[in-house]
Amino acid sequence: LKLYRTVILPTDDAELATRVLHSLIAEQGFVLFFALGTGQTVEAVVLLADELAGGSTSEPTHRKVVWIRDPEPVAEALETLASKPDLPGVLDPHVQAFSLSLQDLVCDVIRKDEGPIGRGRVFKAFVLAERGL
Amino acid sequence: MKWLPILCVSTTVLGQPILIVTEQDQNARTITLTQHDHIVDINSTITISIDKTVLQEELRRQDLLPQEQHDLLLRLAGVRAALNQREQSLSSLKDALRFYPSAKNPQALSDFAQRLSLAAAPLADLLANVPNQSPLMADLDRALTPPPGRAALTIDEQYAAAYDAAAREATRLSDELRAFTQEHGVYVQLGAFIGKAGEQRPIHLPGFDAYPTGEFVEVERWNLVLSEAQQRELAQYTAVARRVNQEGLRALIEWKSVAQQLLADLAKESSTAKCSNHLAQTVAELQPALGGQAAGIKNAIDTIATRLATYRMTLTGIRDKYVAGGTATRLTPDQFLLETNNDITSLITTTTTFASQLAADAKTLQETVTTATGAMKDRLTALTTELTSCATSAQTEAQTWSTTLRARVRELRAGRTFEERALELGDEVTRHTIDALPSTTTVDLRTTGARAEDDAITIKLAAGSNATDRREIATRTLRVFRVLSHIDLTVGLIFADPQQRTALQRQFQAAPAYSALFRTGSRRSMTWNRWWTPGFGINLASLDFNHDDSPELGIGVVGSALRDYIQAGYGYNLTESVPYLYFGLRLPVPYLTLPATEQRTP
Chain A
1 LKLYRTVILP
11 TDDAELATRV
21 LHSLIAEQGF
31 VLFFALGTGQ
41 TVEAVVLLAD
51 ELAGGSTSEP
61 THRKVVWIRD
71 PEPVAEALET
81 LASKPDLPGV
91 LDPHVQAFSL
101 SLQDLVCDVI
111 RKDEGPIGRG
121 RVFKAFVLAE
131 RGL
Chain B
1001 MKWLPILCVS
1011 TTVLGQPILI
1021 VTEQDQNART
1031 ITLTQHDHIV
1041 DINSTITISI
1051 DKTVLQEELR
1061 RQDLLPQEQH
1071 DLLLRLAGVR
1081 AALNQREQSL
1091 SSLKDALRFY
1101 PSAKNPQALS
1111 DFAQRLSLAA
1121 APLADLLANV
1131 PNQSPLMADL
1141 DRALTPPPGR
1151 AALTIDEQYA
1161 AAYDAAAREA
1171 TRLSDELRAF
1181 TQEHGVYVQL
1191 GAFIGKAGEQ
1201 RPIHLPGFDA
1211 YPTGEFVEVE
1221 RWNLVLSEAQ
1231 QRELAQYTAV
1241 ARRVNQEGLR
1251 ALIEWKSVAQ
1261 QLLADLAKES
1271 STAKCSNHLA
1281 QTVAELQPAL
1291 GGQAAGIKNA
1301 IDTIATRLAT
1311 YRMTLTGIRD
1321 KYVAGGTATR
1331 LTPDQFLLET
1341 NNDITSLITT
1351 TTTFASQLAA
1361 DAKTLQETVT
1371 TATGAMKDRL
1381 TALTTELTSC
1391 ATSAQTEAQT
1401 WSTTLRARVR
1411 ELRAGRTFEE
1421 RALELGDEVT
1431 RHTIDALPST
1441 TTVDLRTTGA
1451 RAEDDAITIK
1461 LAAGSNATDR
1471 REIATRTLRV
1481 FRVLSHIDLT
1491 VGLIFADPQQ
1501 RTALQRQFQA
1511 APAYSALFRT
1521 GSRRSMTWNR
1531 WWTPGFGINL
1541 ASLDFNHDDS
1551 PELGIGVVGS
1561 ALRDYIQAGY
1571 GYNLTESVPY
1581 LYFGLRLPVP
1591 YLTLPATEQR
1601 TP
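Quick note, the sequences are listed as chains A and B, same order.
For the first sequence, the residue numbers in the working numbering are 1 to 133.
For the second sequence, the residue numbers in the working numbering are 1001 to 1602.
Don't read these hints as lab results, they were simulated from the structure.
Heads up, some of the hints might be wrong.
[Claimed, not checked] Stretch by stretch, here's where chain B covers chain A in the computed footprint (C-beta under 8 Å, at least three residues): (1) 45-54; (2) 59-66; (3) 118-128.
[Claimed, not checked] Over the 10 Å line for every Cβ pair with chain B, so calculated as not near, a few chain A residues: (4) P10; (5) A14; (6) V20; (7) L21; (8) G39; (9) A82; (10) H94; (11) V95; (12) S101; (13) R131.
Glycine residues also receive a C-beta, built at the ideal position from the N, C-alpha and C atoms.
Extracted from the complex, chain A is given alone in its bound form:
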């Protein structure tokens, strides 16, 4: 599993995970794609997101992927994220991924019942976050 644009949050150190998360969200200018949980499906999504964020290319990009294998340690931080109207909460058990704009607004949520997730769906999540507002 080769990832180039992905930050994997630690699952065994809640404080560290929270600090890293805060740093990514608040202190750096990234459009973020969050993948939640573990398993093959999530891994596949993370791989696609990593690729669309630039993958192994040398190009510096504003896209970054955050893989939260266990949301529990950072649940408090995630709960504080503002969302666009009509989107489920990011900690909803049916949510497997979401995107966050440069203004720290949750702009898109990928649910587990959407079927197979391809590049198009991940690209959509990035574009909606890039649109922001």
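Chain B: place on chain A using the hints.
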């Protein structure tokens, strides 16, 4: 072609206009007309725009557009909207990405976010409501797959690939829509007409019909040359002035004679009058020979004779009223117009009733004629035929009077009428499918042929799903006037008062004259354009203060109002060196039409 009950408005129930009209006048001023604006300049160029979104909503509301087609159109519109912004979006993205590496401070980051947002907007709007399992998303999956040998597409490559997928989606949706339209064809037509009641003709709207472009006619704004009609009228006023100076103002009332002749002829020379006279003669010849016939036949003939006598009495009454010396000749002009209208209405009602009764009489006679004997049977059969024919003729004639004569009197009393419901879109008007419907069309009114002030332009938008189900979706009526500043030449009669500085016996001397009047129309008020029409300018009159029958030139300043029916001013007789006050009248002589000198282009 049948029209279903119409919705004669240009807006939907939601109040949003489907048809948007923009006018560009000859002063290069562009005006978007609101729903309350109904006046355009007679030489302007108008652009008609169709708000397709509102149109589709209206078609949907009227159950003309199937939900499936409506959805397809909405999706296609969304994809096209994104594609229209493709270049701008990709350009903004490149700018943003070039800027990103240095965007480390809050202000720079904020600028970057703004540029990125603008770049992402078209695709975000397009993709926001596209479900994951859809042809577009599947296409996008393929389009975003890096080619062999590449680890990933750059972000601007991803955006470009997404737009390519959107273009393919547009093609796919268009094909789908075309196939659907062929099966459940909904078409839209846009047409326009110009003219007055009974004279409306279609206007060519580029992109919407196959009508030829009309003759190029520009209504002169600064015309200072009398037209041939005005020159003729000036000659008529010269004759009238001579009579007025000899006989006084009573000579002006002669225009009534034309109307009198009209009604007198109607009562004597119309087809119904003639056939009722002939029928009366036939019946009078039959009655003495009915001795041996059944009572039913005699009764039927007597009824017919009475009917004919009553109707002829009505005709005679009208004729006597309007012939020379009749009671109508003693009425004032206003009373005369009212009376004319009443008599025409009464004549139409009486003739319509007469037609129905004659038809019923013919039927009764036909039933009883079987009992007739000898040669009388043939004569009665012939009478039945004549009765039926006269009934049909009377019915038709009453309808003709109703439409033509009443309209003529209405014009006299209240101006022209405009029956826009009579206008239908002809076969020359193209049937567009909704997706192929052009959004705008522009027409230069100067290419619509001869037109006059107060002509109506009626714009109609119709839609249907088949030939027998065409509905009017929106109508917009505009009126053309000479709104921009212009000069009018008007011919009339002035009454000059030299204020006892000459040997004239009467206080006023009548003289033919014409005025060059500067005026400006209104974009808001029909009443201003139709009736007030104030103007000022100069007046030239052909006077004869010294009674030597040689014209003397009078020149004066003039103010005019009420369609030039009233003018007043102060002038100077250059030949006799005498100043004079005057007022002017533009009188409806000698024809029974108002106004006497209508400003119509050639």
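Here is what the structure says about each hint:
With 3 residues carrying a beta carbon less than 8 Å from a beta carbon of chain B, the segment 45-54 of chain A meets the three-residue requirement, and the given coverage holds. Counting residues of the segment 59-66 of chain A whose C-beta lies closer than 8 Å to any C-beta of chain B gives 5; at least three are required, and the coverage claim holds. Chain B is given as covering the segment 118-128 of chain A, and this holds because 8 residues of the stretch bring a CB closer than 8 Å to a CB of that chain, at least three being needed. Every CB of chain B lies more than 10 Å from the CB of P10 (chain A), the least distance being 26 Å, so the non-interface label holds.
At roughly 29 Å from the closest C-beta of chain B, the C-beta of A14 (chain A) stays outside 10 Å, upholding its exclusion from the interface. The beta carbon of V20 (chain A) is kept farther than 10 Å from every beta carbon of chain B, the shortest such distance being approximately 19 Å. With a minimum CB-CB distance of about 19 Å to chain B, L21 (chain A) clears the 10 Å threshold, and the non-interface call stands. Annotated as non-interface, G39 (chain A) keeps its C-beta farther than 10 Å from every C-beta of chain B; the closest such distance is 19 Å.
A cut-off of 10 Å between C-beta atoms confirms that A82 (chain A) is not in contact with chain B; the least separation is 15 Å. Every beta carbon of chain B lies more than 10 Å from that of H94 (chain A), the smallest distance being close to 14 Å; the non-interface claim holds. Interface exclusion of V95 (chain A) from chain B stands, the closest Cβ pair being 14 Å apart, more than 10 Å. For S101 (chain A), the non-interface assignment is contradicted: its Cβ lies about 8 Å from the closest Cβ of chain B, within the 10 Å cut-off.
Annotated as non-interface, R131 (chain A) brings its C-beta within 10 Å of a C-beta of chain B; the closest such distance is 4 Å.
The structure does not agree with the numbered hints 12 and 13 stated previously, though it agrees with the rest.
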